[in-house]
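Participant: The chain contents come next:
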Amino acid sequence: MMQDLAKRSRSITSLRDFLELLGDAGQAITWSERVMPEPDVRNIAVAASRDANGAPAIVFDNIAGYPGKRTAVGVHGSWDNIALLLGRPKGTTIRELFFEIAGRWGDAAAQISTVPEGQAPVHECRIESGINLYDVLPVYRINEFDGGFYLGKASVASRDPEDPDNFGKQNVGIYRLQLQGPDSFTLMTIPSHDMGKQIMAAERTGLPLKIAVMLGNHPGLAVFAATPIGYEESEYSYASAMMGAPIRLTRSGNGIDILADSEIVIEAEMQLGERVLEGPFGEFPGSYSGVRKAPIFKVTAISHRKNPIFENIYIGRGWTEHDTLIGLHTSAPIYAQLRQNFPEVTAVNALYQHGLTGIISVKNRMAGFAKTVALRALSTPHGVMYLKNLIMVDADVDPFDLNQVMWALSTRTRADDIIVLPNMPAVPIDPSAVVPGKGHRLIIDATSYLPPDPVGEAHLVTPPTGPDIDELSKKIRAMQLGAVQ
Amino acid sequence: MSKTVCPRCATGGALDDYQGKEGGKVVWTIHRCPTCCFSWRDSEPASAIGIGTRSADFAVDAANFDRYVKILQQ
Chain D
1 MMQDLAKRSR SITSLRDFLE LLGDAGQAIT WSERVMPEPD VRNIAVAASR DANGAPAIVF
61 DNIAGYPGKR TAVGVHGSWD NIALLLGRPK GTTIRELFFE IAGRWGDAAA QISTVPEGQA
121 PVHECRIESG INLYDVLPVY RINEFDGGFY LGKASVASRD PEDPDNFGKQ NVGIYRLQLQ
181 GPDSFTLMTI PSHDMGKQIM AAERTGLPLK IAVMLGNHPG LAVFAATPIG YEESEYSYAS
241 AMMGAPIRLT RSGNGIDILA DSEIVIEAEM QLGERVLEGP FGEFPGSYSG VRKAPIFKVT
301 AISHRKNPIF ENIYIGRGWT EHDTLIGLHT SAPIYAQLRQ NFPEVTAVNA LYQHGLTGII
361 SVKNRMAGFA KTVALRALST PHGVMYLKNL IMVDADVDPF DLNQVMWALS TRTRADDIIV
421 LPNMPAVPID PSAVVPGKGH RLIIDATSYL PPDPVGEAHL VTPPTGPDID ELSKKIRAMQ
481 LGAVQ
Chain V
1 MSKTVCPRCA TGGALDDYQG KEGGKVVWTI HRCPTCCFSW RDSEPASAIG IGTRSADFAV
61 DAANFDRYVK ILQQ
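As given, the protein sequences belong to chains D and V, one line each in that order. Per the working numbering, the very first residue in the first sequence carries number 1; after that it's consecutive. Per the working numbering, the very first residue in the second sequence carries number 1; after that it's consecutive.
It is possible that some hints are incorrect.
Partial chain D-side listing against chain V, Cβ under 7 angstroms, derived [unchecked claim]:
hint	residue
1	144
2	199
3	201
Because the hints were derived from the structure by calculation, they are not lab data. Just so it is clear, CB atoms sit at the ideal spot from N, CA and C, and this is done for glycine as well.
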């Protein structure tokens with residue numbers, strides 16, 4: 001059974017493959033009851049997000065005004081869906097998924113194959129004139145006060161305008177895109193992101209910047225392309241290595257390497273120096289971004305499969321698909337970076353709002369050691385801007401089990417021993433910020449005290465733990481499910 | 001210039017970008033404001049697109065565009 005799942009996971013080449021796999025496992029449903037684009041699609045996506053463990057992907061095929069068109073949400077919207085993507089069974093714990101991903105780090109080679117353009121499914125249908133994005137995309141307003149209709153799960157591929165032949169310097173990243181009329185859209189990024197660097201380079205040199213926007217992609221790319229890797233590393237290679245499976249590429253009409261099996265690819269060129277109003281957009285902290293002047297791109301062509309599926313995401317106040325999509329890939333790099341210096345770190349849970357709150361389990365090397373580890377976490381690449389609240393727990397506490405974390409907070413925290421670091425850098429869209437971009441950090445040491453600290457008189461209960469108990473827990477659940485059937 | 005008024009910046013002249021149709025009948029229209037770049041569908045709830053019923057917190061001041069920051073400046 002486990003081997004079959006792993007084999008099937010590695011055979012996925014497209015969103016369609018994955019939806020079929022999810023459907024077979026009871027993790028995808030088709031919503032054929034007629035819905036309005038607003039507010040119904042949002043309402044249903046939010047309702048599904050309440051079940052972070054088991055929510056299915058939902059494919060809408062009867063949206064008012066969009067006859068014959070399909071929209072998918074929640075493809076990465078639950079831990080069960082992530083487990084199936086990684087070749088693990090439903091019911092795999094978050095902790096097990098975390099170690100599945102952490103264990104794949106750097107242990108496999110990329111397998112990239114190339115499909116001739118004429119044979120690539122993505123090019124089955126081609127639009128080069130009379131372009132109207134609304135003809136192809138059954139869009140809807142994701143959050144009520146978004147400034148327009150957004151593509152929230154688009155993987156954007158581009159070449160370095162100053163080194164266009166370099167495969168590794170191609171960038172693939174997820175950026176939010178706002179439709180700006182039938183053949184234009186804005187793209188939001190910041191100078192430190194790869195796309196931000198390429199936009200600034202194009203405008204500095206006057207060189208054209210062409211991009212390909214991929215929608216409805218290989219589900220591994222959405223997970224792994226969101227991981228910050230080096231500028232000269234290819235996201236395609238990285239995704240292939242992490243999936244342990246080949247990635248099929250082809251060329252877009254404007255000369256960019258794209259996934260051969262994506263549902264829809266929009267080719268576009270940046271309008272150098274132009275900016276138009278973009279936003280607001282309901283972002284991952286559960287607050288709206290502001291309105292800003294953002295770069296605008298003009299669409300030059302659209303390719304799509306026959307009867308394409310438009311994949312989108314609900315993002316807003318958590319829990320949402322965004323949290324499941326990027327949570328483990330926010331946590332795993334911090335874990336790997338901490339372990340380089342501190343092998344006592346046993347797990348990192350940075351699932352909450354892209355790591356605005358993180359929980360780290362560590363075996364104290366000496367009294368106060370967890371605080372040292374916390375300070376190191378703040379200086380990791382992600383920690384610099386995002387890790388706002390850190391909870392440090394002992395190695396015998398599973399940071400992915402919030403009941404255990406609350407036990408540690410309840411029984412091991414001394415309120416006069418928390419740390420507040422004032423006026424630190426912070427991610428600008430944190431809604432608690434008084435001044436966006438600055439804020440305070442909080443470290444709660446909920447690990448045990450060791451001499452020379454006074455340790456008190458209490459002796460802890462040591463209930464049975466470990467893999468045997470984990471298996472018993474799963475067996476009880478399976479027996480319960482079996483009894484129902 | 002169309003008479004359709006933008007529910008976000010209260011400027012007239014909105015464009016019609018697309019009409020959703022079923023059996024040849026128009027079921028909704030997507031409008032776009034060329035002034036503040038707001039796009040909306042005329043079938044959306046009044047709390048999102050109604051002039052006077054939409055939250056003022058999300059209004060855009062068409063007379064004061066300088067307040068909106070330009071991203072990615074050299």
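Participant: Are there hints from earlier that the structure breaks, and if so, what are their numbers?
Facilitator: 3
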